[in-house]
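J.: Given next are the chains, with one letter for each unit.
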Amino acid sequence: MENKFNDVQNVVKRPAADDLAGIVISQRYRLERLLHIGKQESGGNFGVGYIATDLQDGNQRFVKVVDFRKRLHSLHELREILEWAEFEILMHKACLRMSKVVRMVAHGELAFLEEGSSESYNFICVVMELGQGDIKNHVDYAPEGSAYWKLWVLREISLAVVQMERASLAHNDIKPSNVIRFASEGDRHSIKLGDVGRAITKSGSGPFDDWIWAGDPRHKPLETLFGYQEQEWQDRSTAADAYMLGNLVCFLFAGASMTERVVSSLPPNLRPGTFVGSYRDIIDVIRHAWNMTLDKHIIPTIPEQSRTELSSIIRWLTDPDPVLRGEPAARRAGTLGLDRVHSKLERMARRAQVFERLTSASR
Amino acid sequence: MNWLLPTRRLIPKWRKAKFSLHHPDMFGLVQPGNGHATVDSCDQAVDVALHAWEASKSIGDLADLLAFGIDPRRREQLIGPAQIALTMPNATVALRLVASEILNQGQSELAVWNNSTSARSAQFLRTLLRNAPNDVLALVDLAQHHLSHGKRKQAYRALLAAYQISPNSVHVIRAITRFWIHVDEYEQAHRFIKGVRRTSSDPWLMATEIATAEVARAPSTQLRRAHRAIAINSFSNRNLTELAGAIGGNELSNGKLKEARKLFRLALEHPTDNVIAQAITSQKYLGIDVDEKLISKVPNGAFEGRALQAFAAADFESASSLTECWADEEVFSSRPRILLSYFQGALGNYEESLCAADAGLNADQKDMSLRGNRAYALAALGHLDEALSELASIQSGGNADLIPQSLATKGMVLLHKGLHEEGKQSYEAALEEFKRLKEDAQYTDCLAFFARAAVQTKVPGSSEITRRAFDRYKKSYSPAAAVVLRTLDQKAEVKEPDSTRKVVQWEWDRQTNKLQEKRFLTSKGAPGFLVADRGERR
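Sequence lines, in order, name chains A and B. Letter by letter, the first sequence follows residues 0 to 362 of numbering that gives the first Met the number 0. Letter by letter, the second sequence follows residues 0 to 537 of numbering that gives the first Met the number 0.
I should point out that these hints are in silico values taken from the structure, not numbers from a laboratory. Treat the hints with care, since some could be wrong.
Facing chain B, a subset of chain A residues (Cβ under 7 angstroms, in silico) [to be verified]:
id, residue
1, Gln131
2, Glu259
3, Asp280
4, Asn290
The structure presented is a predicted model; accordingly, all values stated were derived computationally and were not measured. Glycine included, C-beta positions come from ideal geometry on N, C-alpha and C.
Let the hints inform the model, and build the full structure from the sequences given.
T.: See below:
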C-alpha cells in the first residue's frame with residue numbers, strides 16, 4: 000500500500016543532503032548512516048542513500064534523498080531531476096505488487112524550516128526495503144562454486160523481468176549492481192531487481208522512453224551500441240531486458256559482460272563510434288564474433304551438468320538480432336518467451352541443487 | 000613444370016572472414032570508419048565501481064569494474080585492477096582476456112579472429128554452426144573448406160544458406176559469384192550476379208558483374224552504367240577502385256590500351272590486392288609501376304601481387320612464402336598452388352613442390368597443370384612409375400597446351416631411369432615444341448630444367464647442356480631459368496625490369512620551395528621526383 004508523507008521540521012540551520020544522519024522522517028524512519036553519494040555506475044542515480052531504521056517494526060530500510068533544490072540555478076536541470084524523481088516513484092508504485100522487484104515502502108517530502116525564515120527547503124525522499132547488498136561481492140568463479148546459487152539468481156531475475164513485462168514495463172538497466180540479495184529462507188535465496196528509475200514504459204509517458212539507451216553502457220544490447228532500434232516495443236525494450244538477462248548469465252559464470260567481449264573482439268574500424276554503416280550491414284560480423292566469443296570464452300565456464308541448457312539460454316537471450324531474441328518456440332508465436340526461460344531456469348536450479356547435495360553427501 | 004595460369008581477370012576474391020574483415024570489399028559501399036571507437040560511459044561511474052571494488056576486494060566487483068574496458072578512454076584507470084585480475088587464481092578465461100585486453104590492446108580481436116582455429120578447422124566451423132546456424136561468415140568459410148576438398152555440392156549448399164540468411168551481403172554475393180566461376184559455370188555466375196538487386200547500385204558488385212560477363216563472354220548489363228558512374232564521380236575513389244579496374248580490364252581486352260591505363264591509374268588511387276595483382280599481371284600492356292609504396296596502400300597482405308612481383312624478380316624463396324599466404328587466404332583456389340609447386344620445384348625443394356601440388360589437386364582434381372607439376376616432383380624424388388602414370392593421365396586429358404611440358408617431364412623420367420639418349424630426345428622434342436609455339440620464356444625454362452636433370456643424372460655432356468642453357472638465358476630472360484641455373488652454380492643475373500609509368504610524381508619548385516604531388520600517369524621511365532625551375536623559365 001502506498002505510504003506518502005509530507006514532513007516539515009523546524010531547525011536552526013538546514014542540514015545538507017549528505018548530513019541527515021540521525022534525523023527521523025515522518026516520525027518513523029530514523030536515518031542511521033550515509034550509504035553512498037552521487038551517481039552510480041549508470042550515472043542514473045541522483046540521490047544520497049541512507050540506511051534507516053523503521054521505528055514501527057524495527058526493520059532496516061534504504062532511503063534515497065534527492066536534493067533537487069540544489070539545481071535551482073538551472074531550470075532545465077531542475078525540471079529534469081524532478082521529472083526523474085517523480086518517474087522513479089511512479090515506477091515503484093507500478094511495481095509495488097511485483098515480488099521480485101525491490102519495493103518502495105514510502106515516499107514523500109522532507110522539508111526544513113529555518114528559524115526566522117518563511118520558506119522551507121525540501122528534499123524528495125524514497126524509502127525502500129533494504130537488501131544485503133548486490134550480488135557482485137557474493138559471486139564466486141571457482142570451478143567448485145555453487146551453480147545452484149547462480150541459477151537461482153537468474154531464476155529470480157527472470158521472474159522480475161516477466162513481472163515487469165506483464166505490466167508493460169521494461170527495466171532496461173539490469174546489471175550485477177542492480178541485482179540485490181535479501182535474507183534467505185532456508186535454501187531459497189531471495190533476490191530482487193532494484194533501481195527501476197531507468198525503466199521504459201510501453202505507453203511512452205516515461206522520461207527515458209525516447210532515449211536510445213538510458214542504462215549502463217557496459218551492459219547495453221549490441222544493437223543500441225550501433226544506434227539501432229526496432230520499431231516494435233517488444234522487439235526494442237523487452238528484447239533489451241532479455242539481452243541484459245543473458246548478459247547477467249555471462250557475468251555470473253564467466254565474469255565478463257557479453258557486450259564488452261563482443262565489442263572488444265571486433266576489429267577497431269568496425270567498433271561502435273567508428274563504423275559508419277547501419278547495424279544490419281554489420282550484423283553478420285557481429286554474429287560471428289558473438290558466436291566465437293560464446294564458444295571459446297563463455298560456454299566453457301559453465302558447469303558441465305548445466306552447460307547445454309544454459310548455453311542455449313544465453314544464445315536465445317543475447318542474439319545480436321533483437322527480432323530473433325527469445326525462446327525460439329515462443330518467438331514463432333510472437334513473444335519473447337521469458338516465462339519459459341524462467342521455468343527452465345527454475346528447473347535447472349533445482350537440478351543443480353540436488354546435484355550439489357548429492358556431491359556434498361558423497362564427500 | 001608449368002607456371003602458366005588461366006588468364007587473370009578482376010573476378011572477386013573470396014577470402015576467409017578473418018582476412019576479408021580488413022578489406023573494403025566486404026561491406027561494399029558501406030565502409031568501415033577510421034575514427035576512434037567510443038562507448039560513452041559516465042565520468043564518475045568508474046570511480047564508483049573502483050570504490051566498490053576497493054571496499055570489497057571481491058572478484059565479482061573486479062569483473063564488474065573491468066567491464067569498463069569497453070570504453071578505451073577508461074583503460075588507464077583500469078591498469079592496476081587488470082594486473083590484479085591476472086594474478087587471481089579463480090579468474091575465468093574471459094576475465095583474464097578482459098584484463099589482458101586492457102593491458103595490451105587488440106588481444107581479444109587476435110584471440111577471436113586471427114589465432115582462431117575456426118579458419119583452419121571445418122570441424123570447429125560446424126560446431127559454430129550447430130550452435131548458431133545463421134552465422135553467415137561461418138557458412139561462407141565452411142563453403143571454402145568444402146571447396147578446398149572438392150566438395151562442390153556441400154559448398155554450394157552452405158553458400159545458398161548464407162545467401163538466404165543474408166541476401167544483401169556483398170561478402171556473400173561475391174563469394175557465390177566466385178564459386179560459380181571456380182566450378183567453371185561462368186554463365187551461371189553471370190546470371191546470378193546480374194539478378195542481384197543490389198548490383199546496379201553498389202560499385203563493388205558492378206565490378207563483379209563486369210568481370211564475370213567478360214569471363215562468361217556475355218554482354219555486361221552494368222558496363223554502361225559503370226562508365227557513367229566514373230564520368231560523373233557517382234562514388235568516392237575508394238569505392239571505385241575495383242570498378243575502374245574491371246572496366247580497365249574490359250578496355251584492355253578490347254585493345255584500348257590508353258583508356259585502360261587511365262582507368263587503372265584511377266583504380267590504383269586506393270587499390271585493393273585484387274587490383275594490384277591485376278595491374279602486375281597486365282604490366283606488359285599497362286606498363287604501370289606497381290611499387291612498394293602503392294602496395295602498402297592495400298589494407299592487408301596483397302600476397303598475390305607481392306608473390307607475382309617476387310616471381311618477376313626471380314626471388315622464388317619470397318615468392319614461395321607469399322604464395323603460401325595467398326593460398327591460405329583462398330584455400331579452394333588451385334592458382335596459388337600451381338605457382339607454389341612451380342616455385343618449390345624450381346628451387347629444388349621437391350617434397351614441398353609435391354605437397355603444394357597435392358593440396359591443389361585436393362581442391363581440383365582435374366587441374367592438369369598441377370598434375371604436370373606433381374609428375375615433375377615425383378620424377379625428381381625418384382618415384383618414376385607414379386610420375387609416368389601422372390603423365391599418362393595428363394595425356395588422356397587431351398590438353399594440347401601441356402604436351403611440351405609432358406615431353407620434358409618424360410625426358411626427366413627417362414634420364415632418371417638411365418635411358419640418357421631417350422631422355423635427351425624427349426627434352427629436345429619438348430624444346431622443339433616450345434619453339435614452334437613461340438614460347439620463348441618457356442623454351443629458356445625447359446632448357447634450364449633439362450640442364451639440371453642432366454647434371455643430377457650425370458648424363459655425359461651435361462656441362463655442354465648447362466652452357467647451352469646459360470647462353471639461351473642470356474639471350475632470352477626468364478626468372479625461373481635464373482633460379483634453376485643458380486642451383487647449378489651459374490651466375491644468372493636478374494634482368495632489370497622495363498621502364499614503367501608512375502602513377503604519382505613529386506615536383507619540387509626550387510623558387511617557391513614547394514613540393515607538390517601530381518597524380519597522373521607519367522610517360523615510360525619518367526622519374527618519381529622532379530625539380531622544377533619555373534621562376535628561371537619565366
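J.: Is the interface hint for A:Asn290 satisfied, with its Cβ closer than 7 angstroms to some Cβ of chain B?
T.: With a closest approach of 5 angstroms, the A:Asn290 hint holds.
J.: Next item in the hint list is A:Glu259. Is there a CB on chain B closer than 7 angstroms to its CB?
T.: Where the cut-off is 7 angstroms and the nearest Cβ of chain B is about 4 angstroms from A:Glu259, the hint holds.
J.: Tell me if the interface restraint on A:Asp280 is satisfied: Cβ within less than 7 angstroms of some Cβ in chain B.
T.: 5 angstroms, holds
J.: Using Cβ atoms only, decide whether A:Gln131 comes closer than 7 angstroms to chain B, and label the hint accordingly.
T.: Not OK, violated: A:Gln131 not within 7 angstroms of chain B, min 13 angstroms.
Violated hints amount to a single one, hint 1; each of the other numbered hints is respected by the structure.
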